[in-house]
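Novice: Take a look at the letters that make up each chain.
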Amino acid sequence: MKFGIVVFPGTWSDRDCYYALNDVLGQEVDYIWHKETDLSKYDCIILPGGFSYGDYLRPGAIARFSPVMASIERFVCQDRLVIGICNGFQVLCEAGLLPGALLRNDHLQYRCQRVQLKVENNSSPFTSQCKGEQVLRMPISHYEGRYYADDVTLAELEANNCVVFRYSTSTGDITEAANPNGSLHNIAGIINKKGNVLGMMPHPERACEPILGSNDGNLIWESIVVHL
Amino acid sequence: MYLAKVYISLKPTVNDPQGLTIKGALYNLGFTSVEDVRAGKYIEIRIEENDLAEAQQQVNEMCHKLLANPVIENYRFELEEV
Numbered sequence: 001m002k003f004g005i006v007v008f009p010g011t012w013s014d015r016d017c018y019y020a021l022n023d024v025l026g027q028e029v030d031y032i033w034h035k036e037t038d039l040s041k042y043d044c045i046i047l048p049g050g051f052s053y054g055d056y057l058r059p060g061a062i063a064r065f066s067p068v069m070a071s072i073e074r075f076v077c078q079d080r081l082v083i084g085i086c087n088g089f090q091v092l093c094e095a096g097l098l099p100g101a102l103l104r105n106d107h108l109q110y111r112c113q114r115v116q117l118k119v120e121n122n123s124s125p126f127t128s129q130c131k132g133e134q135v136l137r138m139p140i141s142h143y144e145g146r147y148y149a150d151d152v153t154l155a156e157l158e159a160n161n162c163v164v165f166r167y168s169t170s171t172g173d174i175t176e177a178a179n180p181n182g183s184l185h186n187i188a189g190i191i192n193k194k195g196n197v198l199g200m201m202p203h204p205e206r207a208c209e210p211i212l213g214s215n216d217g218n219l220i221w222e223s224i225v226v227h228l
Numbered sequence: 001m002y003l004a005k006v007y008i009s010l011k012p013t014v015n016d017p018q019g020l021t022i023k024g025a026l027y028n029l030g031f032t033s034v035e036d037v038r039a040g041k042y043i044e045i046r047i048e049e050n051d052l053a054e055a056q057q058q059v060n061e062m063c064h065k066l067l068a069n070p071v072i073e074n075y076r077f078e079l080e081e082v
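Order-wise, the sequence lines are chains A and B. Here the first sequence is numbered in the working numbering, starting from 1 and rising by one per residue. Here the second sequence is numbered in the working numbering, starting from 1 and rising by one per residue.
Isolated chain B, as found in the complex:
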């Protein structure tokens, strides 16, 4: 069994108003060294699969088909045996 931790972020060229708003709030709280904030998504998926390569391939396909929209988002993931 594997646990996939999937991180989805907006592409650098895509404006992220949520990140900008968080950045403004952090500034107001005195964190003036904050240079940039980008908000994204984090998804955990448990997979009943014993082969690492197979799990990797499956998660990659999940990201490509559904979890991320390649027009606006990038993704990466980690796999952990559980």
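Here chain A stands alone, though its shape is the one from the complex:
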């Protein structure tokens, strides 16, 4: 199996994703320049973090029209796996592949810190190796990560078990204090209804070795490998 990491102008977490998947987990990985349209040799596409197109207009708004995105839409229709991290999550929302949007943090500060994430759904292809309600530790690094969706969309997400990760305390309590950006319902990561697209603001690739403070992020990559 092969992972593909999409690189837009301004992407910055591509090498961290490559390191976590290749150096740490021994998986086959390629970088995919955003002008590429042939994704046939990949089993899972990663849209990594960064500031594609300088975050101009809105984060992800311009990247979502890069040539690779039309191929990613087809890839999603073929039930193959796509994961968007941070800016990748923003791109997926802008592209309409995930519902909702990511707004400026409610305190208007860029936050680079460790957070705890409660796994709310461990039956997705991205979380099967997590225990039910397990609390994962990994960092966030963003200015625009406040998840927003209208009431109808939120209710639908909850009803369909599409909220995969919520910001929580270390014991798994969902509190306002544990929410680093004002996301509605403490949402840190969601999947689409079909379950083959994941978007999350925290960075699993930056929690891939104990020396980084946590290797909980590997559970996500390992879940994908098991699924495929």
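To be clear, the hints were calculated from the coordinates, so they are not data collected in a lab. Among the clues, some could well be false.
What the hints assert, rightly or not - Just a sample of chain B residues kept apart from chain A, beta carbon distances all over 10 Å, derived: (1) 29; (2) 33; (3) 38; (4) 54; (5) 61; (6) 64; (7) 79.
Stated by the list, open to error - DSSO-like cross-link-like pairs, simulated, lysine-lysine; straight-line CA separation at most 27 Å: (8) A:193 x B:11; (9) B:65 x B:5; (10) A:194 x B:65; (11) A:2 x A:131; (12) B:65 x A:193; (13) A:193 x A:2; (14) A:2 x A:35; (15) A:2 x A:41; (16) A:194 x A:41; (17) A:194 x A:2; (18) B:65 x A:35; (19) B:11 x B:65.
Model, not experiment: these values are computed from the prediction. We put the CB at the ideal spot given by N, CA and C, even for glycine.
Starting from the known structure of chain A, fit chain B onto it as the hints suggest.
Specialist: Below, chain B alone, put in the same frame as chain A:
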């Protein structure tokens, strides 16, 4: 040739911390009659187009496709012949 002036604002249901912060600053400056502040975006676009209806349609499409995100934003625009 037309000049489009595009105004993009957050939907009323979307919390606007920037607007709230500006409101607080205005209060501190003594503008205590300020009730609400919402911050948005303003974009000017020059279009090489002579037909008003065609220009309108194009700008509308630009807003819908790229300039505004309909999940969180509303938009309106004015066209001026230049």
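Novice: Indicate, hint by hint, whether the structure satisfies it.
Specialist: Outcome of the hint check:
no.	hint	in the structure
1	29	holds, 19 Å
2	33	holds, 24 Å
3	38	holds, 13 Å
4	54	holds, 22 Å
5	61	holds, 13 Å
6	64	holds, 12 Å
7	79	holds, 21 Å
8	A:193 x B:11	holds, 25 Å
9	B:65 x B:5	holds, 17 Å
10	A:194 x B:65	holds, 25 Å
11	A:2 x A:131	holds, 26 Å
12	B:65 x A:193	holds, 24 Å
13	A:193 x A:2	holds, 24 Å
14	A:2 x A:35	holds, 19 Å
15	A:2 x A:41	holds, 7 Å
16	A:194 x A:41	holds, 22 Å
17	A:194 x A:2	holds, 21 Å
18	B:65 x A:35	holds, 20 Å
19	B:11 x B:65	holds, 17 Å
No hint from the list above goes unmet by this structure.
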